[in-house]
Amino acid sequence: MARARPLSPHLTHYRWYSTMATSIVHRITGVGLSLGTLLLAWWLVAVASGPEAYQSFMAVARNPLGQFVLFGYAWALSFHLLNGIRHLAWDIGYGFTPAKANRNSWIVIVLSVVLAAAAFAAAWTGHAGYNQ
Amino acid sequence: MSLETPLHRVQGLGAAHSGVKHFWRQRLTALALIPLTVWFAWAALGLVGASEAQTLYFITQAAFGVPWNAILLGTFVLISVYHMVLGLQVVIDDYVHAEGGKLVLMLTVRAGAFIVAVVTLFALIRIAGTV
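Quick mapping for you: the protein sequence lines, in order, are chains A and B. For reference, each letter of the first sequence is one residue, going 1 to 132 in our numbering. For reference, each letter of the second sequence is one residue, going 1001 to 1131 in our numbering.
If you are wondering where the hints come from, they were derived from the structure by calculation, not from laboratory data. Glycine is no exception: its CB is placed at the ideal position from the N, C-alpha and C atoms. Watch out, some of these pointers could steer you wrong.
Far from chain B by the CB rule (all over 10 Å, computed), these chain A residues [claimed, not checked]: (1) Pro64; (2) Ile107; (3) Leu111.
From the structure, some residues in chain A lie toward chain B, with a derived Cβ separation under 10 Å [as the list claims (entries may be wrong)]: (4) Ser78; (5) Gly93; (6) Val110.
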């Protein structure tokens, strides 16, 4: 049997920082959005396949589980978008000081939830649906 | 003295077998996806509760003879899927260490991306055929 070797500190050994959280969540939302792309394809296929296919898509989208998944998709999209802008800012050398990194990561966390919640608030109160 | 072959040196590629192509493409697609994602989110919000006919109208409506929304939807999906392949490649590289598993996963991701792209474009073309 292999002797237990000393490990370098990893995920469970560090205190959680907002910057660490945004980095991990960026990857998780990226994987989640990959699955979300399947939903987008399903929606377009349903639209292209006639009223019945569209109705069955809408029935799934409207039920509580569907709404939960769609909220997750909306939040993941806004998070990955906002944090992606942070990544691009790093690429041109902006946002690396601890103060800025902490501030920007909190902005991304809060704003992503606010945007997704605002979208669903607009949808549920009848303020969405203006493209009709 | 360098241990690199002259061919390797002139190609500028090290042990990773590739240069900055992946990094650069990930950034370019990310940049393109900023306005596309904002447009898509706004468009999707505008279609909440829409009937099939209303959605068809939104996708096919043309300005100056061009169905901009259909083109933007297709562009959004294609660039998203490309960005997705680049991103999932990194995730697989980081966590999957068995060569066989890595190969199977990468092929699955690429096949999935290809299928989503083809299905989406086919759906958009079919929608365009309804008008």
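Going through the hints against the structure:
1. Pro64: Label holds. Min Cβ-Cβ 16 Å, cutoff 10 Å.
2. Ile107: holds (16 Å)
3. Leu111: holds (13 Å)
4. Ser78: Holds. Min distance 7 Å.
5. Gly93: Hint violated; Gly93 of chain A Cβ to chain B Cβ min 14 Å, cut 10 Å.
6. Val110: violated (18 Å)
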